[in-house]
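These protein sequences, in sequence, are chains A and B.
Residue numbers are given in this note's numbering: position 251 of the first sequence equals residue 251, and the series is strictly consecutive.
Count along the second sequence from 1, then add 1000; that gives the number in this note's numbering.
Treat the hints with care, as some may be off.
Listed next, the in silico SDA-like pairs over lysine to any residue satisfying Cα-Cα at most 25 Å (straight line) [said to hold, decoys possible]:
1) B:Lys1126 to A:Cys201
2) B:Lys1165 to A:Cys201
3) B:Lys1142 to A:Phe138
4) B:Lys1225 to B:Asp1029
5) B:Lys1116 to A:Arg208
6) B:Lys1116 to A:Arg209
7) B:Lys1272 to B:Tyr1018
Beyond 10 Å from chain A on every Cβ pair, some chain B residues (computed) [to be verified]:
8) Pro1161
9) Val1242
10) Asp1500
Just so you know, the hints here were simulated from the structure itself, not pulled from any lab data.
For every residue, glycine included, the Cβ atom is placed at its ideal position computed from N, Cα and C.
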Amino acid sequence: MRNVKSFVADNIVTLIFLTITIIAIPFSGLSGSYIISNLIDRFARSSFLVFALILPIMAGMGINFAMVLGATAGQIGLIFAVDHNIMGTEGLILATLVGIPLSVGLGWFSGQVLNRARGREMVTGFILGYFMDGIYQFFGLYIMGWLIPIRTAQVMQIDGGGVRNTLALESVRGGLDKIVSLKVGPFSIPVVTFAVIAVLCLFIIWFRRTKLGQDMRAIGQEQGISHAAGINVDRTRILAIVISTVLACIGQIIYLQNLGNMFTYTSQRQAGYYAAAAILVGGATVSKASIKNVFIGVFLVHALYITTPLAGKALFKSAMVGQYMSDFINYGIIASALVLHAWKNKRAADLARAGLRMSAEAQAAAGGVA
Amino acid sequence: MSTGTRLLSLRGISKEFYGNVVLEDISFDLDRGQIIGLVGENGAGKTTLMRILFGMPVIAETGGFNGTIELDGQPVAFKTPFDALDAGIGMVHQEFSLIPGFSTTENIALNRESLKTNFACDIFGKRMSVLDRVTMRERAVKAIHTLGVKLDPDMLVSEMPVGHKQFTEIAREIDRKNVKLLVLDEPTAVLTETEAEVLLSSMRALAAQGISIIFISHRLHEITKVADKIVVLRDGKIVKDVPVAGVSVQDIAAWMVGRDVKTKAAHLSVCKDSVYLNVEHLWVDMPGETVRDVSFQVMEGEIFGIGGLAGQGKLGIANGVMGLFPAGGQVTVGGQDVILNNPHAALNSDIAFVSEDRRGVGLLLDESLEWNIAFTAMQAKRQHLIPVLGGLFSVRDEKSMKALALEYIESLEIRCTGPRQRAKELSGGNQQKICLAKAFALKPKLLFVSEPTRGIDVGAKAIVLETLRAYNRDYGMTIVMISSELEELRSICHRVAIVDEGKIAGILPPTADVAQFGLLMSGLGAGKNGDAA
Ligand SMILES: Nc1ncnc2c1ncn2[C@@H]1O[C@H](COP(=O)(O)OP(=O)(O)OP(=O)(O)O)[C@@H](O)[C@H]1O
Ligand SMILES: [Mg+2]
Chain A
1 MRNVKSFVAD NIVTLIFLTI TIIAIPFSGL SGSYIISNLI DRFARSSFLV FALILPIMAG
61 MGINFAMVLG ATAGQIGLIF AVDHNIMGTE GLILATLVGI PLSVGLGWFS GQVLNRARGR
121 EMVTGFILGY FMDGIYQFFG LYIMGWLIPI RTAQVMQIDG GGVRNTLALE SVRGGLDKIV
181 SLKVGPFSIP VVTFAVIAVL CLFIIWFRRT KLGQDMRAIG QEQGISHAAG INVDRTRILA
241 IVISTVLACI GQIIYLQNLG NMFTYTSQRQ AGYYAAAAIL VGGATVSKAS IKNVFIGVFL
301 VHALYITTPL AGKALFKSAM VGQYMSDFIN YGIIASALVL HAWKNKRAAD LARAGLRMSA
361 EAQAAAGGVA
Chain B
1001 MSTGTRLLSL RGISKEFYGN VVLEDISFDL DRGQIIGLVG ENGAGKTTLM RILFGMPVIA
1061 ETGGFNGTIE LDGQPVAFKT PFDALDAGIG MVHQEFSLIP GFSTTENIAL NRESLKTNFA
1121 CDIFGKRMSV LDRVTMRERA VKAIHTLGVK LDPDMLVSEM PVGHKQFTEI AREIDRKNVK
1181 LLVLDEPTAV LTETEAEVLL SSMRALAAQG ISIIFISHRL HEITKVADKI VVLRDGKIVK
1241 DVPVAGVSVQ DIAAWMVGRD VKTKAAHLSV CKDSVYLNVE HLWVDMPGET VRDVSFQVME
1301 GEIFGIGGLA GQGKLGIANG VMGLFPAGGQ VTVGGQDVIL NNPHAALNSD IAFVSEDRRG
1361 VGLLLDESLE WNIAFTAMQA KRQHLIPVLG GLFSVRDEKS MKALALEYIE SLEIRCTGPR
1421 QRAKELSGGN QQKICLAKAF ALKPKLLFVS EPTRGIDVGA KAIVLETLRA YNRDYGMTIV
1481 MISSELEELR SICHRVAIVD EGKIAGILPP TADVAQFGLL MSGLGAGKNG DAA
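Modelling step: build the complete structure from the supplied sequences, incorporating the hints.
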């Protein structure tokens, strides 16, 4: 009984959202195979993005909301590929080649900023995302089309100034997913995309065992002591952010090639919210995250995305409610997961205390008074 | 054992902090495999000398030093501790520097992990190599074996008792390939007597392998037991540099202080018949010092001692009553209930507390000495304040603060440049004295003192104990004194309680046989339910 209780408490975030999903499934009226095929598709699409958050958490920097900068770099890469009319897999490779150096630079920059904002990394990363939005819009709307000519009409705004708000990515769509696509019954499986995700998992497992991984764990716990032991704390933190930003860049390219279109000026921000929500729902905390958390989180969040808008519509008899559901899920999850995390920490302390109280009170009842 | 070859020579080392000379013309030699016992009063300059040797940045920041250091016959001048480490000098600092979530092995090998290189290293550098955990563990086991202690190489530091942490730190130093010299600055202050014994024999084992050691301690019997020669500092000068053979603890104490140290006979006050402090079924959730179920009574005007081994909960009692850690149970002082879990409530009800943790809650290190002494009195009692505009608000009474500070600087012999010196510039032992002065300044009816003489030299120890006794006698102050040193408790307390596994194992008069105390500490004594004597 006690074990069950502490299991519930330890996994409270995950369990709450699991319960919501299970309740929402029948109300949504969706068939099992529809949900499953959707989940496969979405898993391939978006789990890479979530992996980008693991290393900064390990290095004690919390959830790297500044991963938005990496996602932006990926989008810039895609704009180039589409604009130069390079199609399919080659287009994605070009996008990645443009995106990676950009994201290394941006990651180095946000690492520098976050090093100056010790203890407030998450809020600072959040603001950095907004700051980047400004620069990105300036680049997309003014530099593009002015200093850098736009070659393709579909990329340009109707009135001729800068990159369109909604960009069709038809030319590179499925550039990764469709290389090899396996049909299993009613489901189609993007084999290469899954292979890429598998390689990333192996990379993370291997990375944890490297010297750099060990140093990240060390600085994640005690910066002062690590510094005294000769570990270059600042540099290690910057590296964690750089790797995270590069992964976010690749992740966003994988995400968008599956979707086939992009909201040029907002997609990157959604990627950030989504990844944070997913890893938290998967049971990660701001100080501890694993590959398992990513997998559980991605599945649960998407199950929520698929079912709750329809369930909301059916329950509240309003399409509007369904519309707002997925935004609500993102913000709601991040907020509630952070609150529940605080609650969980407090509970762990209370639990240890309760043991003491009980034994002292039992003594009192037995009359062993001095 | 000394092999006769010289390892280290200090020649004419001098150091001053802004005109305050703390070391003057220090010269001594250290042979390979030799253990030097470095002793001296609080503020004599021991820690400063070691900081110079180790290249600590504070030394350069405060104007550097004069003199030369020779290691293996070569003059050296370390700019940073890393240079010193590279040259084969290891230093174990007073405060722990271990990563709590890492195992013993991971900490011993911290930033010196054994690595297996792979292709990624060629592109991205050495940090991409994978840890060779098998070799790391072998290294840890070897270092632990060299020390001759029992440590689990896979245990997490956060789950270790404090003694094991100390050994892990030392194991980390001797794991270095070329370690020639170990500097241990008061390593035994946090250890129990048994653990200290083990450490002393480890030191002998290391010396036998040719490692030289500089050992600083205020427990003089440890010095006579383990050192080959003794260097005594007084006021920044060397007053003795002699082989240890034939030297007694009394000799050392006299050299340190420059006069004979008399151990005064106890003049115990007579305590009243009324109960002043009543504790019933107290539990305290203090990590590493859990109190499970403690009940006892202290008479008005009594000095009540609480002893016991480290980690058994004796420290938790005072911290719990003072509201610093979550606690429960019934505590009454002078017939009034003390609201637990609220530090203000405790202070307002005329209780003061000297914490064993002088770094954590004891001092405002960046503030002046007078401010530190008067601060609590100002906060809790509104003393040393001058009302302005009919008491609408008040300003600090600088004059009375200064007078107060001067009073304690004199009575506790605090070594400083004046009441305006910042607390962090004082030596460890003198910081401890400030903590005591701070509590005395409150003139509380009930005083909890936790480890009042930890890190304090022999001469000052007598002063501190005498001051406690005087306050008890002259102001009728009731005192609860918590200490790991049984002798100290027996010398000034009316009664001594021994805590074992979070409970009171028994309460004895100070005249009881040492063996009886020993039985209680080892958990073999009778009367475990806490209603003895
Ligand atoms: N950073 C500093 N600035 C100014 N004075 C300092 C500083 N550090 C130490 N001192 C002074 O140097 C003197 C020697 O201090 P040191 O810490 O070496 O004493 P110690 O022998 O280690 O004493 P203890 O036994 O109390 O640890 C003291 O008077 C102290 O006030
Ligand atoms: Mg010292």
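Status of each hint after checking the structure:
With a CA separation close to 22 Å, the supplied pair B:Lys1126 and A:Cys201 stays within the 25 Å bound. Distance restraint check for B:Lys1165 and A:Cys201: the Cα-Cα separation of roughly 35 Å exceeds the 25 Å cut-off, and the hinted pair is therefore not satisfied. Of the pairs offered as hints, the one joining B:Lys1142 and A:Phe138 is violated, with about 61 Å between alpha carbons and a cut-off of 25 Å exceeded. This hinted pair checks out: B:Lys1225 and B:Asp1029 have alpha carbons roughly 20 Å apart, not beyond 25 Å.
This hinted pair checks out: B:Lys1116 and A:Arg208 have alpha carbons roughly 14 Å apart, not beyond 25 Å. Only pairs whose Cα atoms come within 25 Å are accepted, and B:Lys1116 paired with A:Arg209 is accepted, the gap being roughly 11 Å. Between the alpha carbons of B:Lys1272 and B:Tyr1018 the distance comes to roughly 51 Å, so the proposed pair goes past 25 Å and is violated. Distance to chain A confirms B:Pro1161 as a non-interface residue, since its nearest Cβ pair spans about 17 Å, more than 10 Å.
Every C-beta of chain A lies more than 10 Å from that of B:Val1242, the closest at about 35 Å, which supports listing it as non-interface. Its beta-carbon lying about 15 Å from the closest one in chain A, B:Asp1500 satisfies the requirement of being farther than 10 Å from that chain.
Of the numbered hints given earlier, the model fails hints 2, 3, 7; all others are met.
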